[in-house]
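Colleague: Chains as they are written, first to last, in our numbering: chain A, 1 to 300; chain B, 1 to 171.
There could be a bad hint or two in this list.
[As the list claims (entries may be wrong)] Chain B stretches covered by chain A per the calculated footprint, using a threshold of three residues with CB under 8 angstroms from any CB of chain A: (1) 27-36; (2) 44-54; (3) 57-70; (4) 92-101; (5) 124-132; (6) 141-155.
Bear in mind the hints are in silico, worked out from the structure with no lab data behind them. Heads up, the beta-carbon is just placed ideally off N, CA and C, and yes, glycines get one too.
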Amino acid sequence: MAPPKNRRPGFSKRAQYSIFASYLLGILGAVIGLLLLLISFVDPRGFSVLRTIGAEATAPVSKSLAEVTGATGGAADNIAAYFNAASKNAAMKQELEKNRIELLEAKALKQENNRLKRLLDLKEKTDESIGIARLISSTSSSSRRIATLGIGSTSGVIIGQPVRAPEGLIGRVLETGPTTARILLVSDGKNVTPVKRAKDEIPAFATGRGDGTVDIRPINMGNNPFEQGDLITTSGSGGLYSPGVPVAMVIEKTETGAIGRILANPANVGHVIVQPIFQAETVAQIERTEDEVSESEEVE
Amino acid sequence: MARGYRSTINREPSKFRIKAIPPITVIMGSMVTALPIITDHPILPPVGFLVLLAWRLVRTGFWPVWIGFPLGLIDDIFSGQPIGSAVFLWSTVFVALDTLDRKATNRDYWQDWFIASTAIVFVLIGGMLIVDFPRNLLFLDALIPQILLSVLLYPFITRLVGAIDNWRVST
Chain A
1 MAPPKNRRPG FSKRAQYSIF ASYLLGILGA VIGLLLLLIS FVDPRGFSVL RTIGAEATAP
61 VSKSLAEVTG ATGGAADNIA AYFNAASKNA AMKQELEKNR IELLEAKALK QENNRLKRLL
121 DLKEKTDESI GIARLISSTS SSSRRIATLG IGSTSGVIIG QPVRAPEGLI GRVLETGPTT
181 ARILLVSDGK NVTPVKRAKD EIPAFATGRG DGTVDIRPIN MGNNPFEQGD LITTSGSGGL
241 YSPGVPVAMV IEKTETGAIG RILANPANVG HVIVQPIFQA ETVAQIERTE DEVSESEEVE
Chain B
1 MARGYRSTIN REPSKFRIKA IPPITVIMGS MVTALPIITD HPILPPVGFL VLLAWRLVRT
61 GFWPVWIGFP LGLIDDIFSG QPIGSAVFLW STVFVALDTL DRKATNRDYW QDWFIASTAI
121 VFVLIGGMLI VDFPRNLLFL DALIPQILLS VLLYPFITRL VGAIDNWRVS T
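Build the full structure now, drawing on both the sequences and the hints.
Modeller: This is how it looks when you write it as structure tokens:
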């Protein structure tokens, strides 16, 4: 490698100063970077315009490629699958057996649920959706877990709406642009999801670990009721996610809670569904029933 | 091929090609995250940074020290890191590399690779810690595949950059 030209500028004061100035500028760049970071932490949405422009600019490429190939991310998983095929097979057989029993139980519960709902005359409105779209790209080089969705505010997507796949919860809308939206995935370290254990409704929080798993910490500290194989669903508290959306399966018990594997892997799901914010729905529901009540009172 | 009359000696490629090709390749590297690659853990190498580093080590003296600022800012827009993360990390790497250039002027291929690897490890770990400082210290092992992939990808990127560089300066 040839040594660079400007290393030893000789006795020229001007050349020496210009090297010194470029140094200063470099250090200044780092300092400004720190300041920008500070701003990003104080106001995380402050630079969303910049990111939205970036996402919108690259969206045509992302979208057409996603249409052609389908979003791919399973390569690493596929390779890993070869290495632990045998043990995985045995574990899966066990799980299948267990799931079959749970499925039967669930069917019975569903029947009973329907019966009770008929008794109460509740109308079920869970299948409402804002839109269905593909995840077109993700921050696969960063330790943040944010994906880009192929629809945006022109389709009615607004910040905060939950996003799910048939398998379970994917995340929530973080920023929106006209035709793209950025989705904070469940596995992101900054995403805290209020959850509960499906079988006995023990409330907990699920915080992402950045690698497809979540930390599950029960709200009541002290006892640690979780066991391997427990299904974790959203609890509906906080008003963002509607209750009962599957989130994770407990794979490991820890000292303070458990580690769960996220059920809906964004790399494998084809399309995702953007749902309305749960609380908005309940608020609307309450208003509706109040209206009905007042109307019926007026009739009387 | 009517190219008109051209001097056969003392020809120079266009200034635009000389100046603009390296930043364009770096920005295209940063935009790789726009491809439909969806993963549930960080695995994709920071291609923009690898390209920048390759240019820096292939053509020492081409970049000014402050180039980490504008190119880092563009990378931050596409990478999903908090804005300012790559600005800070890349600028730091460039100041360090410039200092290093004064100490070790003649380096061989392996030393360059080692320097690049150190820079990659610094940027990846730094990026992860910037996202969530005390907590992510526990999850640093999640970066091992990405670090390995990036370090192994670096020589190929250098090859590619070398080829682009040959075309850039050819007339």
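Colleague: For each hint, tell me whether it holds in the structure or not.
Modeller: To see whether the hints hold, each was checked on the structure:
1. 27-36: This one holds; 6 residues, not fewer than the three required, reach chain A with a Cβ under 8 angstroms.
2. 44-54: holds (count 4)
3. 57-70: Coverage by chain A holds here, the residue count being 8 at a Cβ distance below 8 angstroms.
4. 92-101: holds (count 5)
5. 124-132: holds (count 5)
6. 141-155: Answer holds; 4 residues pass the 8 angstroms Cβ test.
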